[in-house]
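K.L.:
Chains V and G supply the protein sequences, listed in that same order.
Each residue of the first sequence is one higher than the one before, starting from 17 at the first, in this note's numbering.
Each residue of the second sequence is one higher than the one before, starting from 24 at the first, in this note's numbering.
Hint data in this document are derived by calculation from the structure and do not stem from the laboratory.
As the structure is a prediction and not an experimental result, all values here were calculated from the model.
Heads up, some of the hints might be wrong.
Claimed, not checked - Pairs of lysine-lysine residues, derived as DSSO-like cross-links and limited to a Cα-Cα distance of at most 30 Å, are as follows: (1) K47(V) to K77(V); (2) K77(V) to K60(V); (3) K56(V) to K77(V); (4) K138(G) to K56(V); (5) K77(V) to K138(G); (6) K60(V) to K47(V); (7) K60(V) to K127(G); (8) K138(G) to K47(V); (9) K138(G) to K127(G).
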Amino acid sequence: MRRTLLLLPLITLMAGCALGRFSDNEPLDPKLMVQLAPGKTTAKQAVELLGAPAQVVQLDKRSAYFYEYINRRLTGVISPLLLANNDARSDRMWLFFDADQVLTHYAGTFEGARVRWGFPWTDLHNPDKQRAPKPDLEALAQEVSQEPPPAETPAG
Amino acid sequence: MRAAALLALCLCSGCIYVQWSRTSINEPVSDTALARIESGATLEYCLEQLGAPTNVWRSRRGNGHFGLAYGWLDDTTVGLSISVPFTELFAPSLRLSKGASKLKGVVLWFDRDLKLYYVQRGLLTELGAGF
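Produce the entire structure from the sequences given, and follow the hints as far as they go.
P.N.:
In structure tokens form, the structure reads like this:
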């Protein structure tokens with residue numbers, strides 16, 4: 017009996033661990049988003065800037081383009097007690113266009129980088145204390161406008 | 024003695040395990056931000072307060088109305104799993120657990136003039152019915 021009792025902590029120590037990292041698409045860049053200008057940017061220009069959207073929703077004559085990056089972290093301790101934590105956060109961007117395909121509104125949420133490893137008792141959701149800080153869009157817009165334009169490659 | 028050894032063997036092989044898992048997806052909409060939004064608010068103001076939604080839904084009524092849906096999940100599951108591998112092709116298992124994945128959400132409905140007229144809260148899979 018004593019031997020069995022001695023074996024139990026050993027079994028616990030032999031428990032397996034698992035860590036997983038998964039992501040869909042590339043992280044979204046707020047610096048690209050601030051280059052969008054409501055009333056000016058067309059859908060064509062937006063696609064040239066951001067690439068193909070993940071989803072397009074037709075809203076009567078309007079349309080909405082969706083860009084998304086999903087980031088996941090999986091933490092697990094296996095056998096005899098399975099402890100697992102699956103945390104997923106995303107970067108999201110929605111662009112709204114009018115009937116003439118001119119941008120009217122846009123919004124971005126950038127939380128993908130805030131994904132965490134954790135355990136079931138880890139409180140990852142506390143909206144008022146842990147909410148991702150909003151990127152300072154005005155400062156980013158200023159920074160982007162001050163960047164020198166990319167050098168043109170001479171035609172060969 | 025034999026019973027204890029058998030129990031240890033089961034634990035070693037993963038035949039029996041107690042599961043405690045948590046799944047969290049996205050950050051919930053802040054109650055503080057939501058409280059600042061009132062009926063008649065513009066699309067611009069709502070996007071500024073809440074950020075980008077997880078979904079945009081077109082109204083099924085065909086009236087040009089649409090909803091901004093914000094979904095999130097923070098779900099804990101506790102359970103017991105027993106699996107007995109009799110043969111290579113036959114391994115009966117039993118799982119007893121409490122908790123189910125239920126995406127919570129808020130949906131903000133806008134009219135043709137891009138003015139907010141209704142806010143729904145609840146399980147995201149159940150919201151949107153009737154719109």
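K.L.:
Looking back at the numbered hints, which does the structure fail to meet, lowest number first?
P.N.:
7
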